[in-house]
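Peer 1: In case you want the letters, here they are:
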Amino acid sequence: MKRFIANLILFLLLAAPLSFAGEQPLLRMATTTSTENSGLFTVIQPAFEKALDIKVHVIAVGTGKALELGRRGDVDVVLVHAKPAEEAFVAAGHGIARHEIMYNDFIIVGPADDPAGISGMQDAASAYARIAASATTVVSRGDDSGTHKKELALWRQAGIEPDGPWYRQVGQGMGKTLQIAGEMNACTLVDRGTWLAYRANNPLKLLVAGGADLKNTYGIIAVNPQRYPDVDYASVQRLIDWFTSPEARALIAGYRVAGEQLFYPVEN
Amino acid sequence: MDSLSAATAESFRLLFSGDAALWIIIFTSFSVSLRAILIAAPFAFVTAFLMAHLRYPGRRAMIAGFSALQSIPAVVVGLTVYLVLSRSGPLGDLQLLFTHSSMIIGQILLSFPLLVALSHAAFQAADRRVWETSITLGAKPYRAFLTLIHEIRFGLIAAFIAGFGRIIAEVGCSMMVGGNILGYTRNIPTAIALETTKGEFAQAIALGMVLLSMALLLNGMLSFFQGRGEMTA
Chain E
1 MKRFIANLIL FLLLAAPLSF AGEQPLLRMA TTTSTENSGL FTVIQPAFEK ALDIKVHVIA
61 VGTGKALELG RRGDVDVVLV HAKPAEEAFV AAGHGIARHE IMYNDFIIVG PADDPAGISG
121 MQDAASAYAR IAASATTVVS RGDDSGTHKK ELALWRQAGI EPDGPWYRQV GQGMGKTLQI
181 AGEMNACTLV DRGTWLAYRA NNPLKLLVAG GADLKNTYGI IAVNPQRYPD VDYASVQRLI
241 DWFTSPEARA LIAGYRVAGE QLFYPVEN
Chain W
1 MDSLSAATAE SFRLLFSGDA ALWIIIFTSF SVSLRAILIA APFAFVTAFL MAHLRYPGRR
61 AMIAGFSALQ SIPAVVVGLT VYLVLSRSGP LGDLQLLFTH SSMIIGQILL SFPLLVALSH
121 AAFQAADRRV WETSITLGAK PYRAFLTLIH EIRFGLIAAF IAGFGRIIAE VGCSMMVGGN
181 ILGYTRNIPT AIALETTKGE FAQAIALGMV LLSMALLLNG MLSFFQGRGE MTA
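Chains as they are written, first to last, in our numbering: chain E, 1 to 268; chain W, 1 to 233.
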């Protein structure tokens with residue numbers, strides 16, 4: 001066992017420089033499954049890596065996990081969508097400042113025959129009240145992601161504690177959750193970006209959209225370099241500057257799936 | 001069924017048209033798992049040899065321990081490596097999380113008990129006289145060790161292949177400590193998990209076929225190296 005530990009340490013010493021070979025600064029960004037699953041990053045990542053000469057490793061997880069990775073210092077920057085949690089993250093000193101970069105909206109999708117009778121509604125909380133009353137199956141992210149936090153806020157607003165065999169928490173990313181909801185013919189809350197990217201393979205229909213509560217804003221936050229001095233804050237700041245630049249706004253606004261715009265840049 | 005056959009046809013196209021993204025994933029899998037097994041195996045074999053050769057208190061417990069650890073769940077290893085390598089963890093300053101190194105460390109930990117247990121069985125079955133004769137004939141211990149290794153090479157190769165088979169197909173630990181980063185730490189199992197999530201079955205099927213052929217090939221080799229399947233005469 002001693003030899004093994006010695007081996008491991010030797011290996012760490014040898015392998016550590018290897019992983020930082022190359023002169024480009026390397027940043028780690030935690031982002032949400034919705035930005036990754038929607039395909040947006042396949043368009044914008046090559047653009048900002050080229051423009052800034054920075055290599056970015058993108059880790060796609062739920063917003064809760066992304067903020068936790070930032071809190072632990074495992075990533076340098078987070079791009080997430082849960083405004084209250086983001087503000088708490090900054091207020092607690094884990095991150096520097098929150099910059100809003102883009103938005104779209106959440107929608108509720110569900111079975112085409114609409115057993116809850118919510119088609120065309122705008123107010124998501126009252127739609128949820130009808131869903132609960134009719135015990136229509138609901139698939140919930142259940143993973144502390146931005147979408148999950150939004151869903152829980154809507155249930156609270158409706159004054160309902162979702163519980164029972166009709167309420168299924170799957171603990172998966174947005175794409176997988178949508179797929180499960182499709183297989184189970186159930187309702188689920190989804191960001192419009194992921195829905196547009198996935199609906200071709202999904203039997204569900206868009207039922208509820210347009211309510212004021214359903215706005216979905218994405219923010220980018222640098223992890224506090226005072227807590228983790230080895231964060232390459234200059235590069236992080238350049239990345240954030242890029243995300244709020246006209247070039248990024250044009251790329252985000254121009255990203256289309258099947259002719260539909262998925263994200264709307266925030267004008268500064 | 002239409003979509004299944006279409007996805008399968010597309011997966012063959014991806015595999016044989018040299019789709020760069022797909023082959024980077026396959027390359028990552030093999031590069032990481034081969035490095036892990038090549039580092040783990042020599043130390044595992046030496047450990048197993050010492051357990052079989054020396055007599056010391058706690059030897060039986062150690063053997064039983066490695067045997068039991070063979071079935072350690074990959075996600076538990078993943079969680080442990082994550083907590084240790086996280087920047088807030090004890091080895092956080094090394095900044096190894098979400099790199100090939102962290103995946104290799106996880107896979108070393110996963111394969112090591114299996115390698116020790118299987119190679120110990122091989123050493124146990126070896127004839128002690130091989131060692132003693134070599135020493136009597138004037139061989140230094142390391143030469144005697146190499147002779148012994150040569151005697152039981154098939155058992156050791158079988159252990160090596162079984163260990164490699166375990167880590168090449170493992171998803172939980174790679175996902176947790178590698179982060180599934182496109183073009184870097186995304187390997188075959190984590191890519192299959194993600195592509196299935198996205199409903200992109202063609203790539204998932206293509207990667208699944210690579211993994212499956214790999215598994216069949218490895219197990220074929222395994223039975224080949226285990227000899228003719230007859231009792232010794």
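Simulated from the structure, these hints should not be mistaken for lab results.
One should not assume that every hint holds.
What the hints assert, rightly or not - Computed beta-carbon distance windows for the label pairs:
#, chain 1, residue 1, chain 2, residue 2, range
1, E, G159, W, M209, 49 to 57 Å
2, E, P246, W, S17, 33 to 41 Å
3, W, S3, E, P46, 47 to 55 Å
4, E, P46, W, F30, 34 to 42 Å
5, W, L79, E, T42, 24 to 32 Å
Each residue gets a CB set at the ideal place from its N, CA and C atoms; glycine is no exception.
Peer 1: Can you give the numbers of the hints that this structure goes against, from lowest to highest?
Peer 2: 3 and 4
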